[in-house]
Amino acid sequence: MRSLDKELLLDLLVVQSTQPMSDDENIELQRLLKEYPEYNNYEFDEIASLAHMSYHLNDKRIHDKLPSDIKSKILNSQKKIDSLSFYKIKINDFMRSLFYKPAYAWAITVLLTIGLSFSMIEFKNYENNFKYLPLKRGVLQLTSNDLIEYPWYSKESDFALAKGDIVWSNKSQKGFIKISGMPINDPLQKQYQIWIIDPIKYKQPVDGGVFNIKIVGKDIIIPINPKLPISNAKGFAITIEQPGGVVVSSQNLILTAPEVRPESTFTL
Amino acid sequence: MAKGKKIKKIEDSILFSLAREETGAFEKLVDQYGNLIWSIARRYLSNQTEAEDAVQEVFIAIWKSAGRFDPTKASEVTFVSMIARRRLIDHLRKIYRHKNLEPIDDCFDDDALETKSILDKSADVQIISEAINQFAEEDKELLSLSIYQGYSHSEISKLMNIPLGTVKTKIRRNLIKLRETFDQDQNTVVSIHNA
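Chains A and B, in that order, are what the protein sequence lines are.
Per the working numbering: the first sequence = residues 1 to 268.
Per the working numbering: the second sequence = residues 1 to 195.
Please keep in mind that the hints were generated in silico from the structure rather than gathered at the bench.
Glycine residues also receive a C-beta, built at the ideal position from the N, C-alpha and C atoms.
Be careful, since some hints might not be right.
[To be verified] To give an idea of the interface, some chain B residues facing chain A are shown, with a C-beta separation under 10 Å as derived from the structure:
#	residue
1	PHE16
2	ARG20
3	GLU52
4	TYR148
[As the list claims (entries may be wrong)] Pairwise CB distance ranges (calculated):
#	chain 1	residue 1	chain 2	residue 2	range
5	B	ASP139	A	GLU35	25 to 33 Å
6	B	GLU27	A	VAL260	40 to 48 Å
7	B	ALA136	A	ILE200	48 to 56 Å
8	A	ASP24	B	ARG20	26 to 34 Å
9	A	LEU111	B	GLN48	27 to 35 Å
10	A	GLU35	B	ALA136	27 to 35 Å
11	A	LYS80	B	LYS28	13 to 21 Å
12	A	GLU35	B	SER154	22 to 30 Å
13	A	ASN41	B	ARG20	28 to 36 Å
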């Protein structure tokens with residue numbers, strides 16, 4: 001029985017390194033890997049890559065050349081990402097330097113107090129609240145020294161186009177979801193529900209609030225609203241639930257934002 | 001991964017330059033591996049647009065993973081192609097369809113030869129090429145269809161009219177055989193080096 005399991009494990013590891021894997025295959029693979037810890041998920045990746053290159057080297061038929069326009073696109077996209085990271089670092093440095101100077105720190109405190117007053121007003125009106133969310137998210141990103149940022153990964157093919165990330169601070173108990181490419185929901189039939197995974201403190205994921213998607217094609221930002229205090233968030237998930245959400249979900253996860261990229265995802 | 005690989009100077013590696021954020025390192029990466037990755041993508045993905053998107057993602061992924069490169073575990077070209085293949089398999093899973101069986105034009109040019117020279121220089125690739133050459137013709141074909149041409153096991157079963165179980169067993173057995181040969185060779189190199 002055990003040798004059959006091992007054979008199946010090897011088959012699945014080969015599948016993993018050579019072709020797209022189904023959810024069922026992946027579940028089975030993960031189960032078997034727990035039984036055989038001497039194997040790892042990418043057991044055959046290296047040898048498959050070497051074999052691939054060997055076939056390429058010996059293939060006399062084709063010699064694809066990277067088109068120059070695609071090369072330019074690749075270089076441009078890297079420059080864009082690089083410059084965004086550069087500005088983020090500069091803004092962080094700037095914010096840090098501000099707090100080293102007492103006069104600036106006082107000025108910022110006053111500004112934040114004014115800002116807070118506005119945000120108190122803002123909470124009375126959802127539409128106004130919505131438009132300040134990018135700013136609040138930015139402030140959280142710049143001022144938290146325990147910030148975690150995880151990208152979303154799709155667990156179902158219907159949500160393969162969903163993209164975005166979460167930012168969360170355990171200290172301030174605040175966080176935001178940024179997401180695009182999600183299907184519009186009918187709030188009277190179903191709502192999206194956010195879950196926070198804090199395994200040390202809670203056995204079940206903690207409800208992080210519900211939200212609706214009213215538009216497609218745009219990034220939307222949703223504040224995470226934990227119903228219980230979070231000690232150490234290890235990941236986040238989204239499910240589809242009845243209007244108002246549930247306390248404990250029995251639905252499939254449609255998106256997850258774990259610390260490490262999941263083995264199985266529809267996201268690139 | 002195999003133990004005891006021949007270690008090249010990490011300072012010579014493009015990935016090392018990338019990790020150190022050296023100017024022009026990313027362009028060097030694209031120059032060096034662009035043709036190879038494009039070629040892998042064209043084999044896995046059916047249309048130009050999908051391949052374009054995937055290749056961009058692959059390069060960004062390599063750029064972001066450059067700091068994880070460890071020349072004692074794999075050569076640079078192996079590291080690059082591992083990331084490329086993993087990303088492309090994920091991409092294929094996302095779109096969940098296979099490329100059409102399109103005939104590929106024969107052509108040769110200087111850039112193609114450049115790609116080959118990267119691989120020619122890789123001792124690891126040479127070891128695997130020699131090992132594959134020892135396989136029976138049918139085994140070579142099965143491995144090529146699966147690993148090089150990106151067909152699923154069930155597609156191969158239909159294409160070659162072989163039961164699915166046999167396809168799986170043969171591919172698995174041959175990959176294990178290749179890995180054993182590779183590990184043996186690496187261990188021999190280390191023994192000689194340590195003698």
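We went through each hint and held it up to the structure:
The beta carbon of B/PHE16 comes no nearer than 17 Å to any beta carbon in chain A, farther than 10 Å, and the hint placing it at the interface is violated. Nearest Cβ of chain A to the Cβ of B/ARG20: about 14 Å, over the 10 Å cut. The hint is violated. Residue-level restraint check for B/GLU52 holds (minimum Cβ-Cβ distance to chain A is 5 Å; threshold 10 Å). Taking 10 Å as the C-beta cut-off, the interface hint given for B/TYR148 holds, the closest approach to chain A being about 4 Å.
Distance hint check: the CB atoms of B/ASP139 and A/GLU35 are about 29 Å apart, consistent with the given range 25 to 33 Å. In this structure, B/GLU27 and A/VAL260 break the distance hint of 40 to 48 Å, their C-beta atoms being roughly 30 Å apart. The given range of 48 to 56 Å is respected by B/ALA136 and A/ILE200, whose C-beta atoms sit roughly 54 Å from each other. At roughly 43 Å, the beta-carbon separation of A/ASP24 and B/ARG20 lies outside the given 26 to 34 Å, and the hint is violated.
Between A/LEU111 and B/GLN48 the beta carbons are some 51 Å apart, a value that contradicts the proposed interval 27 to 35 Å. A/GLU35 and B/ALA136 have their C-beta atoms about 33 Å apart, which keeps the hinted 27 to 35 Å range intact. The beta-carbon spacing between A/LYS80 and B/LYS28, approximately 19 Å, falls within the hinted interval of 13 to 21 Å. For the pair A/GLU35 and B/SER154, the supplied restraint of 22 to 30 Å holds, since their beta-carbon distance comes to about 26 Å.
Our hint of 28 to 36 Å for A/ASN41 and B/ARG20 holds, since their Cβ atoms are close to 29 Å apart.
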